[in-house]
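S.K.: First residue of the sequence shown? That's 1 in the working numbering, and the numbers climb one at a time after it.
Treat the hints loosely; a few may be bogus.
With a straight-line Cα cutoff of 27 Å, these simulated BS3-like cross-link-like pairs (lysine-lysine) come out [as the list claims (entries may be wrong)]:
{"hint": "1", "residue 1": "K384", "residue 2": "K99"}
{"hint": "2", "residue 1": "K92", "residue 2": "K146"}
{"hint": "3", "residue 1": "K611", "residue 2": "K624"}
Hints in this document: simulated from the structure, not taken from any laboratory.
Keep in mind that this is a model prediction, so the values were computed, not measured.
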Amino acid sequence: MFKCFRQIEHSDCGLTCIRMIAKHYGTNIPLRYLHNISDLNRLGMSIKDITSCCNKIGLESAAVRISPEHITDMPLPAILFWQQRHFVVLYKINSKKKKYYIADPAQGKLTYSNDDFIKYWIPNGEHTGLAILAEPNEEFNNLSYKKENSLKDFFKYLFQFFKVHKVKFLLALLITIVIMATDFAVPILLKKTIDDGIGLKDVSLIVALLLCQLAITIGGLVASSSMDLILTKTGLGVHLDMVNTFLERLAKFPLSFFDKKVSSDFVQKISDQSRIKDFLLTFPNSILIMILTIIVFSTLLFHYSVIIFFIFILMSLFEIVWNTLFLNKRKTLDYAYFTNSSENRNHAYELTNGMADLKVNNAEYSRIGKWKETQTAINKISMKSAWVNTIQGGGHTTITRIKDLLVTGIGATMVIYGDLTIGALMTLGYITGRLSQPFTTLGTSISSLQDALLSYQRIDDVIHDDSEFRGSKTFSEASIEFKNVYFKYAGSSSPFVIKDFNLTIEKGKVTALVGESGCGKSTLIKLMLGFYIPQKGTLTLSGYNVRDIDNQNWLRHCGVVMQEAKIFTGTILENISLSEDKPNIEKALHLLDTVGLMTFINSLPMGIHTKVGVSGIEMSGGQKQRLMIARALYKDPDLLFLDEATSSLDANNESSIVSNINSIKNGKTIVIAAHRLSTVKNADKIVFIKDGCIAEVGSHDELIALKGNYWQLVRNQLQLSV
């Protein structure tokens, strides 16, 4: 039977299809391994990316165009480009019935008629569809990778949080045992009340037995309430630890990791922690209760009636089998729900945050339509889930009802023939009722384990992927050197944006990067910050290869103003100091004066303590840029990187800020990426970049004398011949 894997994230469909093909040929390759060797980005994979990844794992692959008439001649399984935005695996064709069997990473196994298959595979107006053929070569079975054991890794992950809160967990388990001990006494007291108390007409015995039951009930209530409070407190602590561990781990990854993800996926991963936490809190207690209940009450049931015992067990096993039948369907729906929810949240985020741009382009209703499209898909999945729950729940209820009727009927017959007393019959009703709970709990626990395991698989790339972590060398000097550097972003079809780049950023000097938009200036600054590693050549930071440098330590010595710099929710002071718990107000005020923001600050009722960001006051683009410059200078960095840091400022403000920065540079190494002549003309070295390469290097006067690219840029800005 062909194995269908499910995609973990919305961009994983291509990798998941590769994994299915590999599994078909006998190798179960972990998704994590495929992530590490592929050129996956947040858009997913292109056909070229898929064939490249296949070749890396020993699958000879080729992309072909084929017509529906010749598809039966195509070797299977094959990857198909589906609906012009998705990848699926065609693993079987029934030529007689004209049925096509598809393994969809998002929806599971599906069967299509000829017309539907052609509609989804072949674009309108075309006669052929795209397919990727892949077969193993001699290298396929020689792959070296760490095998995954998701279940083992999952429980290992849980155990680290169990250890931290083990006292509370053990106390909750102890209370559970006490609750169960009192619960076991109830059927015995019930039988004695009916058979002995009522049978002997002994009122004092009845009162004593009822008081015992009342005491047990109150004791059980107190114990149960105590356990709930303990688990609630433990749950809050566990959830805090889980999310904190996740975020700390996430913060250690370089920028290239985030380039491969959609931000809404991270929001979902944080939500997944709650599901894992709920499982950790309920599973140990549920298992303990289930085991103790089955052992004790099964023994009691067997003692009262062997026939009823076997009938009850048989029907309960049938109940478990029934619930198990729906696990795969629920798993498929859960994957589909996650994929669509992530896209839906992304549309909602873009809609609310980009309303101004949408309005000026009359596009708001078009974007609402895209949100509605994904929400409709989510609603369909929810309805399918509701149907599954209804069928599963209806079958479960029917089986339970039949089981109860059989127990009641057989028990009543035994009472008639004198094999059971009335008290024993009522006790049997209580016992079977209590025994039903652990069997129901077993089904719920299996479903809960499946849900938690899915959530764990979604956060696995953050928890266990060490491939993105780098060296331990610390800062020694403010030096940067490029030697024959080539760099491109993720994706095999992405072009090199930096090519054969050779440059030394001299310590204590001002270096300006100029060139047309898209020439690679911002990318170069990100490389200097250690956000990315070049594919070719050598980049040294502080005298060390970028692969060996401790990036966090390096960034402590860097002040940066990025084009896409963010204002965070908080006060102006908090936005300047960011990482400091006790910021230096005098220093912040001095820097705000340096960047020309004090007039604005003094006009605010709360001054430097005024709240800005999403839930604060609005700031103009120029005010935001000046605040970002103050933030960069607050660190008193050894290196200062300014990426179009004054692009939103008027000429007077820009001139004032540039002059002030020059006066306080104090031997700092400064790198400026800009278009404006006024920003770069006083730099010690100006580097003109064209198509990712160095076209010219020199001072302003030297480059003007060359009358080359820089001269042309200056002439265009000044609109006069130089």
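S.K.: Does each hint fit the structure? Answer for all of them.
M.R.: Verification of the supplied hints:
Proposed proximity of K384 and K99 is supported: the alpha carbons are some 23 Å apart, at most 27 Å. Between K92 and K146, the direct Cα distance comes to roughly 31 Å. Violation of the 27 Å bound is thereby established for this hinted pair. Distance check on the hinted pair: K611 and K624 sit about 13 Å apart at the alpha-carbon level, within 27 Å; holds.
Going through the hint list in order, the structure does not satisfy hint 2, though it satisfies all others.
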